[in-house]
Structure formats: C-alpha cells, structure tokens
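Peer 1: Each chain, letter by letter, is given below.
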Amino acid sequence: MLLDVKDLVVKYNQIPALKGISLSVEEGKVTTLLGSNGAGKSTLLKTISGVLKPSEGEIIYLGRRINNESGHDIVKMGIAQCPEGRKVFPRQTVYENLKMGAYIRKDKEVESDIEKYFKQFPILQERRNQKAGFLSGGEQQMLVICRALMSRPKLLMLDEPSMGLAPIIVKEVFNAIRMVKESGTTILLIEQNAKQALQVADYGYILEVGRITIADDADALLHSDTVQKAYLGGA
Amino acid sequence: MFFQVLINAISVGSVYALIALGYNFVYGILEQLNFAHGDVYAVGCFVTYTVYLAAGNVFVAMIAGIASAVLINLIVERFAYRPLRIKGANRIAPTISAVGIAYIMRNGIQLIWGPQTYRFDLNMGGDRSFQVGGLYIGILQIWILAIAIAVMVGVSILLKKTKWGQAIIGVSQSLPTSELMGIDVNRNIALVYALGGAVGAIGGILFCSYYGFIYMGIGFAYGTMKAWMATVLGGIGSTKGAIIGAMCLGILETFVSAYISTANKDIIVWGVFILFILVRPKGLFPAEIAEKV
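As you go down the protein sequences, you meet chains A and B in turn. 48 is the number that this note's numbering gives to position 48 of the first sequence; each next residue is one higher, with no gaps. To convert a position in the second sequence, counted from 1, into this note's numbering, add 235.
Everything labelled a hint here was simulated from the structure, so no lab data went into it. Please note that the accuracy of each hint is not assured.
[Stated by the list, open to error] Keeping only pairs whose Cα atoms sit at most 20 Å apart, straight-line, the calculated PhoX-like set for lysine-lysine is:
id: 1; chain 1: A; residue 1: Lys-106; chain 2: B; residue 2: Lys-395
id: 2; chain 1: A; residue 1: Lys-154; chain 2: A; residue 2: Lys-106
id: 3; chain 1: B; residue 1: Lys-396; chain 2: A; residue 2: Lys-106
Work out the full structure, taking the sequences as your base and the hints as a guide.
Peer 2: Quick look at the structure:
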C-alpha cells in the first residue's frame, strides 16, 4: 500500500471530527472517499497533508510514519493536494501558478512539464498569461490539478473537485482525473458526487460522521442498494 | 526654479519610495500594520552613524546598519509575531505588539545615544554639486537616485523572476495554499521581514544623509507615517503603488515647501492627502483581484 491510515482520531477544539478511521490507498489506483457535508472528509485530507495533527492513530506513507511531519515536508515526500474550493493563486498568471506547483523541484524539466499540460489542456495554454483569479470555476479546477501534478507527486489528493461546477464541466473535470489515472499517478479522491467518483474509482469508502461505514470495490458500491439509496438518489 | 525644485522633489520621493517599499513588503503579505517599521530602521541608521564615526568607511557603516535592522526584524518576527500567527490570534494583536516594539526601539535609542539631534553626514558628496544648464545637482542626490533605482529594480526582479520571489507572492495570497506547494511558510515570512527591514534601512540611511540629521524620533515621524501615506496613496498591497505613491508624496511636500510654506507644509500635505483618498479611497493602483476568490 502506498498510504495506510490506521485508527485515526482528529479533534477540532476537543471535538472529534474523525473517530478512529482506517483506510488504504493502493499504488496506481484511484481510491475514493464519499460522504456528505460534515462527515469529516476534508479533515482527513488536511491531516494527511500535515495541516492538522491527529490525536490518535497513525498515517503510514511508503512504510514511514508521517503524523508529525510539517505540511511542506509532506509535499516533498510526494503527496500533493488540490484543496477544497480550488484555491488558485488569483493574482498570479496561469503560467506562474504552474511554476508554483513545481516549487519543490530542482530539475530542468519544469518547462517541458508545463508545455505538456498546456497540450493536454489547451484552454490553459490560451490563458497562460491571464491572472488565475479571472478564470472560470472549471478552468481553475483544471489549473489546480495541473499545479498539483507539477510537483510530480506519487499520490494526488483531490478534495471535491466537482464542487460548485455545472454538470458539463464536472464531466470535463472527471475526464481530466481519468487522464491522471492513466498516467499512473495514484489518486485519493474525496467527493460528494458519488456516481462520477465511483465510475472513475477502483475502490471506495463511505464516511459518515467521523466513521467509515462501508468499504468495497467501486463497482460493487455503484450497484449496492444502500449506496444507491443514500448517495445516488435511488436511481 | 521649477526644475531645481523638481530635482529635489525626486530625491525626497525616491527616499520615501524605499521606506514605503520596505513597509509594503510586510503589509502586502500579512496585512499587519507594522508600527515598528520606522523605529527598527532608525536603530539601523544610528548603528550606521556610530560605525561610520568609528571606522570611517561608508560601505562598512551601511552594511552594519542594514544588518542590525535585519537582525532586529528577524528576532522580533520569531519571538513576537510568529507565535501569535501560529496561535491564530486576531490580526490586531501583532499590530499592538509592533507598537510595543516601536517604543522599545525608540527608548533603546534614547538609552544608548540620548535624546539629542546629531549631524548625520556619511561624506557622500552632500556638500558638492555640479551645474547643468543653470541647475544644481548634488552628488548626494545622484547617489540617492542611483541607490533607490538599483534597490527598486532589484526587488522587482527578485519578486517577479526568482523562485523565492514567487513564493513570497504566493504566501501573500494564501498561507495554507503556499504550504501545499511545499513552501516553508514560516521561514518565508521571516525572510520577508528581513528584506523589509533591509530596504527600509537603506531608505532611512539615505533620508538621514539627505536632511543631514538624526535623532531618536526619526523612525516614526519620517518613516512609518510616510510609508503609510505613500502606501494608501498608491493602493494598498501594490508594490508599484507604494513606489509611485511615495514619489507623489515627496514631490508634493517639496513643492509645497518651495512655493507655499515650509511651516505649514504638514497641514497642506495632510489636507491634500485626506481630499485625495475621499476621491479615490482605493488609491492610484487598487489591487484588481480580491485577496480571496
């Protein structure tokens, strides 16, 4: 396993947001974590990326305990995150945002990587010199995915990439996630849009008020009655 | 007379520009009203003065002065501002701490150097000038302009073209998102205070050289206050705004002194300033994109 989370308890001001959860992320696969608002999904991502510290349990990445590492060191170990609400650098250009993603790199291939993503996402190429704050929501989401990939991560964590986007744009975002998957990058995807997430994922967990209630292959979840009723609108 | 006054005005403006640039650095990133900016570099100016008297070398003296301002800012950031930031204190808390630092610096100067005004002359040609078509240009004025332009160009290149500069711009937009890029945000902020102190100290040393005096209150009256005015005039958070706002302030002050009244300069300049911000509350170059989108 690339990432193992074991019995993790995380508290906000003494109140537990995660009440002892365990999950694994397999290398080369897409693992998704589904749940409604307030279930603790973002708390988990923030804890893995070192923004929050767990009060119990451990996070094992590449066989190493990373509970107490600082956020910027975790990025250097190969974990990148696309935060909730996109969070581009609004006053910097698209190009500069991508350069920011490569902050930890010292190799000479940064420019060629940028060109690669410009080819994959021509809209970013078109807007390379525009300030990222002026992009549409969908364009910003593409930008933050590419920005995260610029660090050449082993694990990409996406926090609700479909949030606040029109259905047609959501499809584009998930196509982009498929492209990332095909390139071999391991993904941990957090979503409320269960249908889209389970279609791209290999394995899924369902999180409800701080506990994991269901864990199974994504296909099985997609066809399970419980999940259908609770997360797929009974369709 | 007009062009002669203009030459003087540009000298004053470029000194203010450096002071405002150093101030704007810290403000632009943390939105902290750094009350201590002027008083910290005032210490740097006094150190410069003392080292110059002892060693007689202007470069050694300046480097010692700049280094002392940098060192003070690093210490203050580490022990007074950073713990507040990490504990998530209200933004007003570090501002009040900065007021305290300002008083400590000023009284520290009084303890070491006393309350009197000293003549400040680093022999940068303040008494020599050359004549161009009836206009007198001081050697010191040339120095001031050259140093100011060099520092401003240097800082602009640093911010726009280097990885570290881009990281500063990133941190100024979002601390948590910058951390996700692998930027060590705390170290980055400490360096910003260091650089802000250095640029401020250079401005302060040139200010003291231009006017030829130094005393314990120089930092607040001629530094912090001018930097605030310039920053608000230019548009808060904009480097270009700080520089151009400071230039406007220097030009306005010098022309008012020359053509209207030196004694009533402050009344007129502050009056114009208040009227200006009534007309353009966001300054000359308002930030085009909101901080958080």
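Peer 1: Tell me the numbers of any earlier hints that the structure contravenes, in ascending order.
Peer 2: No hint contradicted; all consistent.
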